[in-house]
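Asker: Chain residues, written in single-letter form:
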Amino acid sequence: MILANPIWLWGLLALLVPLVIHLLSKKQTRILPFGSIRFLKESASSQSRSIELSDILMLILRLFLLIIVIIWLAGWVSSEKLEKKNWLILGHGIDLPSAYQNAVDQQLLEVKDVVALKGEKTYLNEWFFLRELGQRYPQIDSLIWIDNFSSTDFWGRVPSLSYTYNLIDFGNKNNQKPLIEIDTLFYEVKGLPEAGKDLIDKVLLSISQYSGSEIIYSDNSTRVTDILFSNAPSSDIPIQFIFNLSENNTYRLEDQWPARIIHLSENYVDDALLHDELLVIITEFLAQYSNPLWAYNSFEEATAEPQELRSKVLRQSNEIKSHEWLFWMILATLLIERVWAYKRINA
Amino acid sequence: MRTLQEIFSLTNLEALKALQIYVHHLVDGLITGMHQSPKKGFGIEFKEYKNYAPGDSLKQLDWKYFAKTDHYMIKEAEVERQHDFLFAFDLSRSMEYSQDGISKFNLAKACIASFTYLTNKQHDNFKIINSSNHSTNYEDFLFGLIKQKIEEDFKTSKLYPTALQSAKSTAIILSDGYMEDYEIEKLISNWAISAQKCIFIHFLYQTELKLEFDRENYRFQDLETGQIMQVNTKEAKSEYADKVEKWHEQIKHNCLKNGVLYFQMDGRKPLQNELMKLLNQMNFNFG
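Chains as they are written, first to last, in UniProt numbering: chain A, 1 to 347; chain B, 1 to 287.
Be aware that a few hints might be false.
[Unchecked claim] Result set (DSS-like, lysine-lysine): computed pairs, CA atoms no more than 30 Å apart in a straight line:
hint, chain 1, residue 1, chain 2, residue 2
1, B, Lys197, A, Lys41
2, B, Lys269, B, Lys237
3, B, Lys149, A, Lys41
[What the hints assert, rightly or not] Some chain A residues well away from chain B (every beta-carbon gap over 10 Å; in silico):
hint, residue
4, Leu32
5, Phe34
6, Lys190
7, Val280
Hints are computed from structural coordinates only; laboratory data are not their basis.
Don't be surprised by glycine CBs; every beta carbon is placed ideally from N, CA and C.
Please construct the entire structure, taking both the sequences and the accompanying hints into account.
Answerer: What follows is the structure in structure tokens.
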């Protein structure tokens with residue numbers, strides 16, 4: 001039993017009150033001098049016993065009422081052990097890595113299949129899938145997900161999840177065509193004035209130079225476009241900067257699988273004072289795209305520290321529950337006590 | 001009834017006066033209009049002369065008158081009926097039980113006072129056999145009666161008749177009957193033999209008979225033993241009433257068997273009515 005305000009336990013002294021009342025009430029019943037109780041004795045012995053019994057029951061009820069009131073005031077909370085589960089989700093076609101075999105054998109980990117979990121549903125952003133998992137299965141304490149992730153599986157802000165997660169990229173990227181060839185990105189400027197085209201060229205050049213030419217931006221129109229700068233969105237292009245917002249100095253992000261669109265105000269092109277800001281926005285956005293804030297743990301990294309992982313997996317969490325029913329019980333008991341007392345007084 | 005209680009709560013002397021007035025009022029009211037027919041014959045008080053007729057007792061002949069006038073005259077006087085009224089007054093603590101503000105003890109006192117007033121009017125003797133109050137003077141007797149107290153350890157045997165009782169006596173037993181069954185049987189049968197006439201005035205109140213009270217739960221305290229018992233009157237009522245009724249019938253049966261007049265004072269009806277009823281039942285002669 002955990003008490004939030006144990007000082008209220010002093011209230012248990014109040015238990016003396018009904019005891020005193022009980023003793024006093026003995027004196028309160030009117031004494032009636034009677035000629036002879038001989039015939040009463042012969043007829044009412046059982047009745048008087050029942051009266052005394054009801055007296056004692058009343059006393060017990062009042063003591064009980066006081067005890068539950070005090071427990072309620074003391075703020076009784078109980079910690080219940082919620083059966084927490086540690087899940088290991090395997091992606092399609094991925095076998096259980098031998099490093100986890102022991103944990104699975106000891107039933108520390110529960111192996112799940114991602115295809116079965118997702119069912120019919122397709123998730124454009126895997127964060128949503130993880131968030132839904134947390135809502136559907138509150139018992140998940142920790143989750144390890146081994147899959148062939150591509151960089152576009154997780155977009156934007158990391159949601160707050162009710163469990164700890166560990167995403168392990170199976171690293172089978174060679175078999176897959178990457179969405180963007182990271183060394184060279186091809187861009188296209190469409191529907192913007194000539195000054196705008198120049199501005200974009202300059203911006204991308206400066207980004208490229210700033211990042212030590214890791215990524216080269218090219219406007220080679222013969223290749224498939226990776227980045228679009230335009231006044232209207234287009235399909236199929238993963239990254240789009242659309243200059244069509246009428247509001248001043250603002251931008252809005254829109255995720256529209258498979259495209260990622262950032263809507264920008266046209267002022268960014270027209271107003272020279274905003275060019276620096278435009279540079280920052282484009283840089284940030286492209287940087288997030290090529291090097292997202294979240295990072296996959298590599299498979300090797302996870303297996304290199306099995307001890308730490310296991311201790312985290314073994315962690316059990318308790319759930320604190322307060323007792324609302326106590327309050328209703330107090331009300332009910334009080335009601336019973338009052339009705340009973342009223343009946344006795346008017347008897 | 002409440003007046004009675006008030007009278008007995010006065011100081012002794014005030015109570016005496018008040019009781020006298022009360023009793024006079026009560027008894028005079030009773031006998032008003034009742035025809036008095038004094039009996040003629042031997043006695044102290046002169047009534048009338050009549051001419052001698054053969055067959056008249058020579059004892060009644062007025063010899064002085066004969067010496068003076070040579071006429072035989074019979075001197076008649078009212079008959080002195082030497083009759084004793086004996087009260088067996090239950091002084092046990094249970095007589096303190098009261099209903100509507102009047103205790104059995106005080107009601108019994110009022111009964112005795114009324115009877116004494118009546119008997120005093122007829123020059124009869126009165127006496128409470130189990131009391132130290134042996135006064136023959138009405139006022140003194142009444143004063144003693146007022147001062148009479150309940151006795152803490154009253155023995156029923158004190159109510160039994162002694163050998164000294166004259167056969168020409170009317171015994172009035174005033175009791176609530178709360179004694180052992182054999183005691184009450186002995187009391188009634190003994191008095192039935194010892195006295196010419198015997199009346200048992202049973203002070204048994206309605207509340208005792210029916211166990212009817214305002215509330216349901218009481219702690220009943222036995223006046224005799226002080227023992228306390230908690231009872232739910234509603235639940236115990238029917239069984240209790242049966243038991244009491246059985247006991248009551250037993251007492252009435254005892255009286256009937258011994259030729260004793262049974263009369264119940266239930267403390268509800270006015271004393272005057274009750275006394276009227278009782279005197280009628282006794283065939284009491286006011287002459």
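Asker: Indicate, hint by hint, whether the structure satisfies it.
Answerer: Going through the hints against the structure:
Using a Cα cut-off of 30 Å, the hinted pair Lys197/B and Lys41/A is violated, with the two alpha carbons roughly 36 Å apart. The suggested pairing of Lys269/B with Lys237/B holds, with an alpha-carbon distance near 23 Å, which does not exceed 30 Å. Between Lys149/B and Lys41/A the alpha-carbon distance is near 29 Å, which keeps this suggested pair within the 30 Å criterion. Its beta-carbon lying about 5 Å from the closest one in chain B, Leu32/A breaks the requirement of being farther than 10 Å from that chain.
Its closest Cβ contact with chain B, about 4 Å, brings Phe34/A to no more than 10 Å, contrary to its assignment away from the interface. Here Lys190/A stays apart from chain B, with its beta-carbon at least about 99 Å from theirs, past the 10 Å limit. In this structure Val280/A is separated from chain B by more than 10 Å, as the shortest Cβ-Cβ distance comes to about 89 Å.
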